[in-house]
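Chemist: Each chain, written out:
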Amino acid sequence: MARTRSALMGLVMSMAAGAASAQPADVIHWWTSGGESKAVGVFAAEFNKRGGTWIDNAVVGGPAARAASMNRIAGGNPPVATMWNVGVAVRQLAEQGLLTNLDDVAKSGNWVANLPPLIVKNISYDGHIVAVPVDLHGGNWMFYSKKIYDELKLQPAKDWDEFLVQAEKIKAAGYIPLAIGGQPFQEVWLWMPVLLGSTGKENFKKIYADHDATLAAGPGVKKAFEVMAKLRQYTDAGRPNRKWNDTLLLVQNNKAASQFLGDWGKGEFAAAGLKPMVDYGCAIAPGNQGAYIMNVDVFAFPKNSKPEVLATQKKLAEVMMDPAVQAQFNLFKGALPARLDANISALDVCAQAGKQIIDGGPANQMPNSALAFSSDVDGQISDLITSYFNSTTMTADAATAAFAKIIANADK
Amino acid sequence: MKAGRIGLYAFLLGAALFFSIPLLIVVMTSLKPMPEIRTGSIFALPLAPNFDAWVKAWMSACTGLACEGIRVGFWNSFRILIPSVALSVMAGALNGYALAQWKPPGANALLTALMLGAFIPYQVILYPMVKILSNVGLYNSLPGIIAVHIIFGLPVMTLIFRNFYAGLPDELLKAARVDGAGFWRIFVEIMLPLSVNILIVAVILQVTGIWNDYLLGLIFAGRDNAPMTVQLNLIVNTSMGEQEHNVNMAATLLTALPPLLVYFASGRYFVRGITAGAVKG
Amino acid sequence: MRISGLAARLVLSPTVLVTMVCFYGCAVWTAYISFTKSSFIPNYTFNGLAQYERLFATPRWGVAYSNMFIFGILLVVGALAVGLMLAIMIDRNVRGEGFFRTVMLYPLSMSFIVTGLAWQWVLSPSIGVQHFVRDLGFPNFTFDWIAQQDRAIYTLVFAGVWHQAGLIMAIMLAGLRGVDRDIWRATKVEGIPTWRVYLGIVLPMLRPLVVTCVVLLSVAVVKSYDLVVAMTGGGPGFASDLPGKFVVDFSFERANIGQASAAAVVMLGSVFAALAPYFYVELRKRPQ
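Quick mapping for you: the protein sequence lines, in order, are chains V, H and E.
Per the working numbering, residue 1 is the first one in the first sequence, and the count goes up by one each step.
Per the working numbering, residue 1 is the first one in the second sequence, and the count goes up by one each step.
Per the working numbering, residue 1 is the first one in the third sequence, and the count goes up by one each step.
For the record, the hints were derived by calculation from the structure and aren't laboratory data.
In this text, all values refer to a predicted model and were calculated from it rather than measured experimentally.
For every residue, glycine included, the Cβ atom is placed at its ideal position computed from N, Cα and C.
There's no promise every hint is true.
[To be verified] Derived coverage of chain H by chain V (criterion: at least 3 residues anywhere in the stretch with Cβ under 8 Å from a Cβ of chain V; other residues may be distant):
hint	region
1	90 to 96
2	213 to 226
[Said to hold, decoys possible] Restricting the straight-line Cα-Cα distance to at most 25 Å, the calculated cross-link-like pairs of lysine to any residue (SDA-like) are:
hint	chain 1	residue 1	chain 2	residue 2
3	V	K315	V	L340
4	V	K255	E	D144
5	H	K103	E	L6
Construct all of the structure, not just a fragment, from the sequences and the given hints.
Modeler: Put into C-alpha cells, the structure is as follows:
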C-alpha cells in the first residue's frame with residue numbers, strides 16, 4: 001500500500017516537473033525540526049522546478065544520518081547527496097576517494113571568490129572542491145526575553161562579568177537567568193562563547209584553528225572554566241536531557257531570561273510567530289563583539305559510476321549554491337547564506353547584524369569545533385565540558401589541564 | 001489471616017500503580033490539547049478528552065518533508081513483521097527439535113555458541129553485516145531486513161524450543177522411529193501438535209522484538225520499507241515550532257498498539273507456555 | 001539410523017553457517033579492528049594495543065564500564081526480587097490474576113523510544129514527582145536523582161526493573177505453579193511457617209528458572225542503548241553512560257570504530273567471563 005502511494009506520488013511529482021521521473025535525487029539529511037523542514041523544502045521546490053525530482057530522506061539526528069549514508073556507500077547504493085559535517089569529516093570522505101569533484105560547477109558559479117576563506121579551506125581536499133556549503137550559522141548568539149530585560153531595565157551584557165551580575169538580579173526577581181538543556185552539545189554551545197569572551201577573539205582562533213597548546217593551558221581558558229562553574233547556579237533543575245527547542249520555550253514564554261545557541265534558534269521563534277527585537281531579543285554573546293563563530297552545513301555528493309547521476313549531482317549543487325535560492329533557504333533556516341554575494345535584504349535584523357560582522361573580514365570569522373577539529377577530538381572536548389559542567393568537584397585548574405592536553409594531541 | 005490478605009492486595013495494587021504510571025501519562029497526555037499540557041500537571045486527568053491528536057498522528061503528522069502521518073510506517077512494519085516472525089519461529093522450532101531430539105554430534109557446542117552469540121550487540125557487527133548483505137544483493141531491501149531479523153532471532157528462538165523439546169520424553173521419538181517415521185514426519189505429526197503453547201510464547205517474543213526494533217530497520221530496510229518505529233522517531237523529532245507532545249504521545253501509542261494487543265489477548269497463553277517447560281533451566 | 005541423523009544435521013547446517021559467519025566471523029572482524037588504526041572507516045594497519053591504551057585512559061570509558069556492573073547487578077537483583085515477590089503474591093490465590101499479570105507484563109511490549117520520554121517527565125524535578133509532591137504541600141521534598149551525577153544511574157535501574165519485572169514474574173509464576181501442592185499440605189500439617197517453606201523448599205526448586213532469568217536480564221543489560229538515550233542521554237555529563245551507548249557513539253558520532261571495537265571487545269570479554277561458568281554448570285545439569 002505504501003509502495004503504490006509513493007509510486008503515485010513520484011508520478012505526480014514528475015508530471016509536475018514536466019519530465020517522466022527525470023533526475024531523481026535521493027538526499028539524506030538530518031533536518032527534522034520545524035524551520036529546518038521548511039528550509040529544505042526550498043531546495044526541493046527549486047530543484048524540481050529545474051527538472052529534477054527531489055526524494056527526501058530525512059533521518060533523525062546527525063550521527064544516525066551519517067551512519068545511514070556511510071552504510072549506503074559501503075553497501076554500494078550511495079545516496080545522490082548527503083548532508084555532512086564540514087571540515088575534517090568531509091575531508092576524510094574525500095581522502096577515501098568517495099566524493100565527486102565539484103570543480104567545474106564551482107568555477108562556473110564563482111564560488112571561491114564569494115565564500116569566506118575558512119570555509120573554502122574546509123570544503124576542499126587536495127585542491128578540489130568536494131562539498132557545497134549552504135549556510136553560515138553564527139554560533140555565539142544570545143536570545144533573550146525582552147519582557148524580562150525591559151522589566152529589570154537591563155541591556156545585553158558586554159562581557160561575562162557583567163552577565164553574572166545581571167544573572168544575580170534576574171534570579172532575585174524569580175526568573176531563570178540561563179536556560180540550557182542538559183545535553184553535551186548544548187553545553188558546548190555555551191562553552192564556545194564563554195571561551196571566546198574570556199580569551200579574546202585572536203586567542204580563540206589560535207586555540208581552535210591553530211591548536212595552540214600553550215594558550216590552551218593559559219589563564220584565559222582557566223577564567224572560562226571558572227565562568228562556566230558560576231553559570232551553573234543560574235540554570236534550572238529541569239534541564240537533564242532536555243532538547244534545545246523545548247528549552248527555548250522557556251525564553252519564548254518569558255520564564256527564562258536568556259539562552260545561548262546559534263541563530264538556528266530563530267527558526268523556532270519564527271514558527272511560533274515571534275519577531276526578532278520585537279517579541280524577543282538577539283545579541284552577540286557577552287565578550288564576543290566583532291566575532292562570529294561560524295557553523296556551516298554542507299552537502300557532499302558520493303561518487304557514482306552512472307553518468308546521469310553525475311549530471312543530477314551537478315544540477316543539485318548549482319541549485320544549492322544559487323545566491324537567490326540560498327537567500328530564500330536561509331530565510332527559513334535562520335542563518336546567513338554561505339555565499340557572501342547573496343541578497344540578504346529579506347533576512348531579519350539579527351541576520352543583518354551578523355552579516356556586518358562577517359563582512360569585517362577573516363579576522364572576525366571564527367571556526368567552531370567542526371571547522372577546527374576532527375569529530376574524535378570534538379568528542380573529547382565535549383566529554384570534558386559536559387563532565388565539568390555537571391560536576392561539583394572538578395576544579396577549573398584540572399579542567400584547563402585536561403583541555404590543554406586534548407589540544408596538544410589534536411593532530412595525532 | 002485477613003490482615004495478611006489486605007496487605008497482599010495493597011502491595012499488589014501499589015505495584016500495579018507503579019507499573020502503569022508511564023502508560024497512564026502517555027495516554028492522558030495524548031488526550032489533552034496543547035495549552036492544557038503546557039500549563040497543567042503531567043499527572044492531571046484530561047479536562048475534556050479528545051482524539052484530535054490521534055487523528056493528526058495517524059493522518060498528517062510530519063516525518064521530515066512528507067506530512068502523511070504514521071500510517072505509512074504501519075503497513076511497512078506489518079510487511080516486515082509477518083514473514084520475519086513466521087520464518088524465525090519455524091527456524092527456531094526446527095533447530096530446537098533437531099538439537100533436542102536427534103542430538104547430533106556437536107549439539108552442545110552449537111547451543112553454547114548460540115547462547116553466547118545472543119549477547120553480541122548489533123552495533124558491534126553492523127558494519128560487517130552491511131558488507132555481507134550488500135555482497136549478496138540484499139542490502140536496503142525487504143528480504144534483507146527479514147533476513148537480518150531471522151538471523152538475530154536464531155539464538156533465543158533455538159534456545160527456547162530446544163529447552164521445550166528436551167523436556168519431552170525420549171520414548172515419543174523412539175516409538176515413532178520404530179514405526180518407521182523419519183525426521184520430517186515426526187516433526188509434523190507428533191512434535192508440532194504438542195508445541196502449541198511454546199509456539200505462542202515464541203510468537204509473542206518475536207512480535208514484540210521485531211515490531212519494536214528501530215536500529216535494524218533504520219539501517220537495513222531502506223527508505224521505502226521504513227518501519228513504524230523509524231517514522232515515530234521522525235515525528236517525535238520533527239516539531240513545527242513547538243513539540244506537540246499530545247501528537248507525539250498519540251503516535252507513540254499507535255506504534256505500541258499491535259504488540260500491546262498481542263499481550264492483552266494472549267498473556268494467559270504466555271504463562272501457560274512457560275509452564276509447559278519452555279524456559280526451564 | 002545414520003540416514004535419519006543426516007536430516008537433523010542438514011536442518012542445522014544453515015544455522016551453523018550463520019552463527020559462524022554472522023556472529024563469530026563478525027565478532028572476530030571487530031576484534032581485529034580493535035588492533036588497527038581504524039577511524040571512520042576500516043583501516044587495516046596493525047596498531048598493537050594502542051586503542052586499548054587510549055580506551056583505558058579515557059575517563060568516560062571507566063564510568064561506563066563500572067556502570068555496567070552497577071546497573072547490571074542492581075537490575076538483575078531488583079527484577080528478580082520484584083518479579084519473585086509479585087509471583088509469590090499472585091500465586092496465593094488472588095482474584096484478578098489476569099489483570100495484575102497484564103499490568104506487569106505490558107512494559108515489555110513498549111519500546112523505550114516510546115516510554116523513555118514519559119519516564120523523563122516523571123523523574124524531572126521541574127514537572128515530575130518532585131514538583132507534584134511539593135505542590136501537595138511538602139516544599140522540601142527532593143527527588144532529583146536524574147540530575148545528579150552520582151545518582152542518575154539509579155534512575156536507569158528504576159526504568160529497567162519496570163521494564164523487565166513482569167517477564168520475571170511470569171516465569172517465576174509458572175515455576176511456582178509447578179510446585180507440587182502436596183508440599184503445602186504436608187508443611188501445613190507439620191506447622192512450618194509459610195516463609196520458611198518458601199525459603200527452604202520452594203526457592204531451591206526454582207533455581208534453574210532463576211538461572212534462566214539471570215541470563216535473559218544480563219543480555220538486556222549488555223544491549224542497553226534505547227533506555228539510556230531516551231532517559232538520560234548518558235548524562236548528566238556522562239555519569240549514566242553504559243558500554244552499549246559508548247560503542248554506538250564512537251562508531252557513528254565520533255567516527256572512530258577503532259575505539260568502538262576495543263570497547264566492544266572489553267565489554268563482551270567481561271560478560272563472557274562472568275557468564276561462562278553459569279552456562280557450563282547449567283548445561284551439565286540439563287536432562288540429557
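Chemist: Give a verdict on every hint.
Modeler: Here is what the structure says about each hint:
Given as covered by chain V, the region 90 to 96 of chain H fails the check, having 0 residues with a CB less than 8 Å from a CB of that chain where 3 are the minimum. Residue count for the region 213 to 226 of chain H with a Cβ under 8 Å from a Cβ of chain V: 4. That meets the three needed, and the coverage hint holds. Pair hint K315/V plus L340/V holds up; C-alpha atoms about 21 Å apart against a cutoff of 25 Å. Only pairs whose Cα atoms come within 25 Å are accepted, and K255/V paired with D144/E is accepted, the gap being roughly 21 Å.
Between K103/H and L6/E the CA atoms are separated by roughly 11 Å; this keeps the pair inside 25 Å, and the hint holds.
Violated hint for the displayed structure: number 1, the only one.
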